[in-house]
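Chains as they are written, first to last, in the working numbering: chain A, 1 to 368; chain B, 1001 to 1368; chain C, 2001 to 2368; chain D, 3001 to 3368.
I should point out that these hints are in silico values taken from the structure, not numbers from a laboratory. Beta carbons: idealized from backbone N, C-alpha and C, even for Gly. Among the clues, some could well be false.
[Said to hold, decoys possible] With beta-carbon atoms standing in for the labels, derived distance ranges:
{"#": "1", "chain 1": "A", "residue 1": "L48", "chain 2": "D", "residue 2": "E3149", "range": "57 to 65 angstroms"}
{"#": "2", "chain 1": "B", "residue 1": "D1012", "chain 2": "A", "residue 2": "K205", "range": "55 to 63 angstroms"}
{"#": "3", "chain 1": "B", "residue 1": "G1232", "chain 2": "A", "residue 2": "K205", "range": "35 to 43 angstroms"}
{"#": "4", "chain 1": "C", "residue 1": "R2064", "chain 2": "A", "residue 2": "P50", "range": "35 to 43 angstroms"}
{"#": "5", "chain 1": "A", "residue 1": "P7", "chain 2": "B", "residue 2": "E1148", "range": "45 to 53 angstroms"}
{"#": "6", "chain 1": "A", "residue 1": "L48", "chain 2": "B", "residue 2": "E1148", "range": "27 to 35 angstroms"}
{"#": "7", "chain 1": "A", "residue 1": "P50", "chain 2": "C", "residue 2": "V2030", "range": "52 to 60 angstroms"}
{"#": "8", "chain 1": "B", "residue 1": "E1321", "chain 2": "D", "residue 2": "S3110", "range": "53 to 61 angstroms"}
{"#": "9", "chain 1": "A", "residue 1": "E35", "chain 2": "B", "residue 2": "G1232", "range": "57 to 65 angstroms"}
{"#": "10", "chain 1": "A", "residue 1": "E112", "chain 2": "B", "residue 2": "E1019", "range": "34 to 42 angstroms"}
{"#": "11", "chain 1": "C", "residue 1": "G2314", "chain 2": "A", "residue 2": "R203", "range": "55 to 63 angstroms"}
{"#": "12", "chain 1": "D", "residue 1": "P3047", "chain 2": "C", "residue 2": "E2112", "range": "20 to 28 angstroms"}
[Unchecked claim] If the Cβ cut is set under 8 angstroms, some of the chain B residues that face chain D in the computed set are:
{"#": "13", "residue": "R1244"}
{"#": "14", "residue": "T1245"}
{"#": "15", "residue": "F1246"}
[As the list claims (entries may be wrong)] Okay, derived cross-link-like pairs now, DSS-like style, lysine-lysine, Cα gap no bigger than 30 angstroms in a straight line:
{"#": "16", "chain 1": "B", "residue 1": "K1020", "chain 2": "B", "residue 2": "K1006"}
{"#": "17", "chain 1": "D", "residue 1": "K3199", "chain 2": "C", "residue 2": "K2205"}
{"#": "18", "chain 1": "B", "residue 1": "K1206", "chain 2": "A", "residue 2": "K199"}
{"#": "19", "chain 1": "B", "residue 1": "K1199", "chain 2": "A", "residue 2": "K152"}
{"#": "20", "chain 1": "D", "residue 1": "K3152", "chain 2": "D", "residue 2": "K3206"}
{"#": "21", "chain 1": "A", "residue 1": "K205", "chain 2": "A", "residue 2": "K20"}
{"#": "22", "chain 1": "D", "residue 1": "K3205", "chain 2": "C", "residue 2": "K2199"}
{"#": "23", "chain 1": "A", "residue 1": "K20", "chain 2": "A", "residue 2": "K199"}
{"#": "24", "chain 1": "A", "residue 1": "K98", "chain 2": "A", "residue 2": "K206"}
{"#": "25", "chain 1": "A", "residue 1": "K199", "chain 2": "B", "residue 2": "K1205"}
{"#": "26", "chain 1": "B", "residue 1": "K1199", "chain 2": "A", "residue 2": "K205"}
{"#": "27", "chain 1": "D", "residue 1": "K3020", "chain 2": "D", "residue 2": "K3006"}
{"#": "28", "chain 1": "D", "residue 1": "K3098", "chain 2": "D", "residue 2": "K3205"}
{"#": "29", "chain 1": "B", "residue 1": "K1152", "chain 2": "A", "residue 2": "K199"}
{"#": "30", "chain 1": "C", "residue 1": "K2067", "chain 2": "A", "residue 2": "K67"}
{"#": "31", "chain 1": "C", "residue 1": "K2098", "chain 2": "C", "residue 2": "K2206"}
{"#": "32", "chain 1": "A", "residue 1": "K206", "chain 2": "B", "residue 2": "K1199"}
{"#": "33", "chain 1": "D", "residue 1": "K3152", "chain 2": "C", "residue 2": "K2199"}
Here's the letter readout for the chains.
Protein chains: 4
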Amino acid sequence: MLVVMKPQASEDDIRAVCEKIQVLGYRPHVMPGAERTAVGITGNHGPLDPAEFETLPNVAEAIRVSKPYKLVSREIKAENSVIRVGSGACEVTIGGKKLAIIAGPCAIESREQAFAAAERVRRAGARLFRGGAFKPRTSPYSFQGLGEEGLKILAEVRERFGLAIVTETIDSETCELVEEYADVLQVGARNMQNFSLLKRVGRSKKPVLLKRGMSATLEEFLMAAEYILSEGNYNVILCERGSRTFADHTRNTLDLSVIPGAKDLSHLPIIADPSHGTGRRDKVTPLARAAVAVGADGLIVEVHPHPDRALSDGFQSLYPEQFEELMAEVRAIAGVVGRTVPYGPEASEPATSSSDPAPSRRTAQPAP
Amino acid sequence: MLVVMKPQASEDDIRAVCEKIQVLGYRPHVMPGAERTAVGITGNHGPLDPAEFETLPNVAEAIRVSKPYKLVSREIKAENSVIRVGSGACEVTIGGKKLAIIAGPCAIESREQAFAAAERVRRAGARLFRGGAFKPRTSPYSFQGLGEEGLKILAEVRERFGLAIVTETIDSETCELVEEYADVLQVGARNMQNFSLLKRVGRSKKPVLLKRGMSATLEEFLMAAEYILSEGNYNVILCERGSRTFADHTRNTLDLSVIPGAKDLSHLPIIADPSHGTGRRDKVTPLARAAVAVGADGLIVEVHPHPDRALSDGFQSLYPEQFEELMAEVRAIAGVVGRTVPYGPEASEPATSSSDPAPSRRTAQPAP
Amino acid sequence: MLVVMKPQASEDDIRAVCEKIQVLGYRPHVMPGAERTAVGITGNHGPLDPAEFETLPNVAEAIRVSKPYKLVSREIKAENSVIRVGSGACEVTIGGKKLAIIAGPCAIESREQAFAAAERVRRAGARLFRGGAFKPRTSPYSFQGLGEEGLKILAEVRERFGLAIVTETIDSETCELVEEYADVLQVGARNMQNFSLLKRVGRSKKPVLLKRGMSATLEEFLMAAEYILSEGNYNVILCERGSRTFADHTRNTLDLSVIPGAKDLSHLPIIADPSHGTGRRDKVTPLARAAVAVGADGLIVEVHPHPDRALSDGFQSLYPEQFEELMAEVRAIAGVVGRTVPYGPEASEPATSSSDPAPSRRTAQPAP
Amino acid sequence: MLVVMKPQASEDDIRAVCEKIQVLGYRPHVMPGAERTAVGITGNHGPLDPAEFETLPNVAEAIRVSKPYKLVSREIKAENSVIRVGSGACEVTIGGKKLAIIAGPCAIESREQAFAAAERVRRAGARLFRGGAFKPRTSPYSFQGLGEEGLKILAEVRERFGLAIVTETIDSETCELVEEYADVLQVGARNMQNFSLLKRVGRSKKPVLLKRGMSATLEEFLMAAEYILSEGNYNVILCERGSRTFADHTRNTLDLSVIPGAKDLSHLPIIADPSHGTGRRDKVTPLARAAVAVGADGLIVEVHPHPDRALSDGFQSLYPEQFEELMAEVRAIAGVVGRTVPYGPEASEPATSSSDPAPSRRTAQPAP
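All chains should be built: construct the whole structure from the sequences, respecting the hints.
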């Protein structure tokens, strides 16, 4: 059930609706919109009577929500959600006109490696840094990440390079630790239906980057996000990272149609991961261009100062110079789809994008 | 690395090998075999020198293991593992000549429902009872299980009906509680790569039923089991429960070839779940017959006293009478592939299997 | 539209219905049943009026058919179709109590190879021989079959060994040639939606073995069969041969649930191909057992006298001794699911199936 | 085997190589390149001796080709193939700097419908017209196309609107008829491994548009093209049209990574079909943008004057105004990836693309 308030509804009117919901034993979710506020109801095990709410002051209507998801739905919130990430000098938004570019190594291996990566991705225009301290690995014998030591390095990266930190949380036990250091909590594809973890990050104050599972339908993906919102954390960024199919020319099949698909149904921002989505370094940049062209709100890209020496996923990590090229190409595409990449070498000049001379010689060349 | 002892090796010889491994900073895993014992080594981040071990007393050889999995591999243990489950009157084995039949409702809904199901599945020949107290559900608004109350009902079922209890653990937080009541800890398909949970159940004393993820390769499946064994719990039962494909006549595509496939590579037992594997009541029995014919070590089947009133998965739960038919058909197939279903109405007659007309030398032998 | 006749309807009554249909510009399909005859109507581009037919003598009712397929549907014919294949000494049926076992090499390579294979598969109990003369190959540079020379060898095999011949037709140009020599025309998975070829074999007098496409849904599979029936050839045998999925432990994923699935919806017989379905020799026999257990009407198996020297698919072809084992195991399973394999070494003894110890009333019944 | 000539090799030198190949009983394929010519050899059933050719005048080297495909490979021809399509006023190229835009209805239904579609797509900038006269349909009872009548309408469209014609050929029987009228022969996804048809179009003088099969690997796709080239027709345009996966938010999953993937391995041009690739009208334009961004050489798009009244695929056909928007968005993307769309409303102004005013207000807006 969704209770839609009239535009003139006051704070008190909204509070009255919430109290009524709580009295009935359910949970209210206030979703402010540009023009008017809606209040979602969760916790009911059967249909509710709209009349219960429509008689309250300044309630426009009470709508039965037909989709299995509610809080993530555009039915409850028509405008795009813009998620605020980081704070102070590192604050960026995800979901608005500016593309969010998250870059960095698969795993944090050392301070030197992290700093080298951070310096290069910042200079190229990224304002969010990725890097795993707790790594979910297929083999128990593979490098599992530096743990808290890695988190501390990430905090130094933020301090020194002005980059907001995106890092993975793999279980409730270590989630609190990750929350201390991270600006965005990443939930990996293998944990997309780890409902306990979803509930845990749903109780966090930090935004969550939720990756689509390897064989998750769009509905399951949105339901996973719903778990997080239903616990009270509305700051969720979706991420397409490739599905498992029979195709063998890439490690996964990046499903770009899910990006406009998710945007149709949900107000949440959605970004793409062309690194895991292809699993091959030489395919990352073309698919990054395509993701921005299809309407993604941003990218998450693996960049390593020395991919050949990486402890994990080296074959899909870009060299720093390749990331610079990617940024130049993505910036060009962004310019024609109504987006901007406001940082980096080209943007740093007179950032008055009106004079934007556009397609410079550095811009994208199609594959030969 | 795998250190294979000579047949005449004593306990002391084995202990010496373990100590050497520990001194080097690694972890020994003693795997006793019918003829000789092997000691697996985990924790090393690079190749070891076989000479370090081959010079110890009564070591036959030290073998570099080429596969990414070690402890689950037939290279380390050639004979089938037979897992002992439950205790006292409820003790059964999984992986031997007797088929393990696990049956019961998707979720425990009430004492009445559980008892009604237990009474019927026991009478039909099941000796293991399934039922979820903690349910991983796609929607946060769906019934999530009765929690500890459900576990208590399961304990009563064991007491009253002499059935060993299989129930799911969904996170580390509640794992200890589940361990208290369960005889077998189930890890669901969605958690197959929840590595924190795998490590947690790897430290449990209770056997683990590990379901294959919806799009997991056989290697990933075995690596997930390896996580559990690498923590010291060697009592793992694999379970095929259907993969996600384009096909739409069933909810999942039950991949029966993975059963002989897993047996080729691993000593662990593997059973099939035709309920989730098809998602349709009318397909459960034919696929149960096929699973036994292909060589499965057992079945896990959803049975509900009133499927039409079930709180979850009712459309794939069998009516008790259908389960009786399934058992009769499975018993017939078992008889010709060298297996037995030693309980239930037909078995209760002269259970002296000597009069058993079947398993001629020419008939089917399960994969070794 | 389906016109169902009353049980007492005479030939003339049926003829009157057909004439009426033709007068309206459509096509009648007479489908005799055990108790009464139905006449299917195809060729209409919109709904017909039942009253047009229900007023004719001895018409019970005229039913609008809701499914996209009509002639293959159980709605039009409730009993299983039993297809008569071959003639004289080579006549066999597919779809009844007796399992149809089709065996032989992937491709006919020489008279010696074909005879050696035929001798062994006949002795083991097969009564149908497979072997390609026209081979659809992924590469234009691979062996494409012996063409007519291969067909002549197949005719000799029939003559000499009393085996009905199943061989593939790959295009309309050579279909007539294949028809001359073959007892059953095989349409391969890659041609399942080659609608021109389907129509061509639909005009043939020979039965058709139709393989499921690598990513065909059940509905598409039945619609492909419908193409054949709609041209007047009602003798179609379906064949599951594995789907393409992400799984890499077998070449394809054999989808055994499609066997009861097809039987629910269609009266046509369906067999399984565990050779292509797994692509690995060591998995053929376990999956053959499973296919019979699930209710398949038969098997098609690749057997080569010298698989290591085969010009195609050698790695999935059985050695003759392995095929003998397969037959022994399949015979045992058949016995408990109400089927028989009436030929071969064990069957040749007192073939008085009365002494047959098996099919008790409780044992497996094939899907109706 | 690939015989690479020296840059200074004369026509006579090349002829001498070809004669030598023919004398040996094989088939030569002359592949002229920008700098030097290579001669492919097919028809050999085993390895050849390089020395046989390296001793001929002006042969640089004879290389054993390791990939299963030869003629389609970049090993044999490093530069992109640019395919010349149509003639006279209708001549266009596919594979060069200019994007090839193919648009029109799924099926030709009438002269009025075809003309209405042609007028609009021409005006928007398309120079190739698509429309089926022979339609492969899942159901034998669905509209199968107008046949030759449809082809005649297509010829009128070419005459009247100056559009080159792309239309499907579904079998060898009608291929000659289609060749008479078409400028490009389309081979549909369901026929990608109809090898008889591939050979037939391989003997045609007309270029071929080859669609990727629904579950074809990249290697199988290239091998299907190899069939066409091996018969002497080197004018093949590849087309990605979506794969079959578990995902249900689109009809197929458009695999854009196959575009750079094919370009890595092959010199053939490759375009994308976002209409079949998504199966949903509202996803066609975003995926068209993405396809151009990833590097596609063109697009094939379904446009119908009245999609709601279409006899086939209406739900995925664009309205003419939607196609105009698509063209404006695609033109903007093309501009930043080094491509042009030289026709249509915006291009028709001062076509001196230097002054290209670029992203007009009509250009792409990301999905809300």
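C-beta pair E35/A, G1232/B: status relative to the range 57 to 65 angstroms that was hinted: 60 angstroms Cβ-Cβ, so the 57 to 65 angstroms window holds.
Measuring from beta carbon to beta carbon, are P7/A and E1148/B in 45 to 53 angstroms? holds (47 angstroms)
Pair hint outcome, K98/A versus K206/A [Cα-Cα no greater than 30 angstroms]: Holds - the C-alpha atoms of K206/A and K98/A are around 20 angstroms apart, at most 30 angstroms.
Between the alpha carbons of K2067/C and K67/A, is the straight-line distance 30 angstroms or under? Roughly 28 angstroms between the alpha carbons, so the hint for K2067/C and K67/A holds.
Does K1205/B sit within 30 angstroms of K199/A, going by the straight-line distance between their CA atoms? holds (28 angstroms)
For a C-alpha distance cap of 30 angstroms, please report whether K2098/C and K2206/C respect it. Satisfied, since the Cα-Cα distance of roughly 20 angstroms is no more than 30 angstroms.
Return holds or violated for the Cβ distance of E112/A and E1019/B against the range 34 to 42 angstroms. holds (37 angstroms)
For a C-alpha distance cap of 30 angstroms, please report whether K1199/B and K152/A respect it. Status holds; Cα separation ~25 angstroms.
Taking 30 angstroms as the top limit, are the C-alpha atoms of K3205/D and K2199/C close enough? The given pair, whose Cα atoms are some 28 angstroms apart, holds under the 30 angstroms limit.
Do P3047/D and E2112/C keep their Cβ atoms within the hinted range of 20 to 28 angstroms? Hint holds: Cβ distance 26 angstroms, inside 20 to 28 angstroms.
What's the verdict on K3152/D and K3206/D, does the C-alpha distance respect the 30 angstroms limit or exceed it? holds (17 angstroms)
Compare the distance between the alpha carbons of K20/A and K199/A with 30 angstroms, and conclude whether the hinted pair is satisfied. holds (25 angstroms)
The structure agrees with every numbered hint stated previously.
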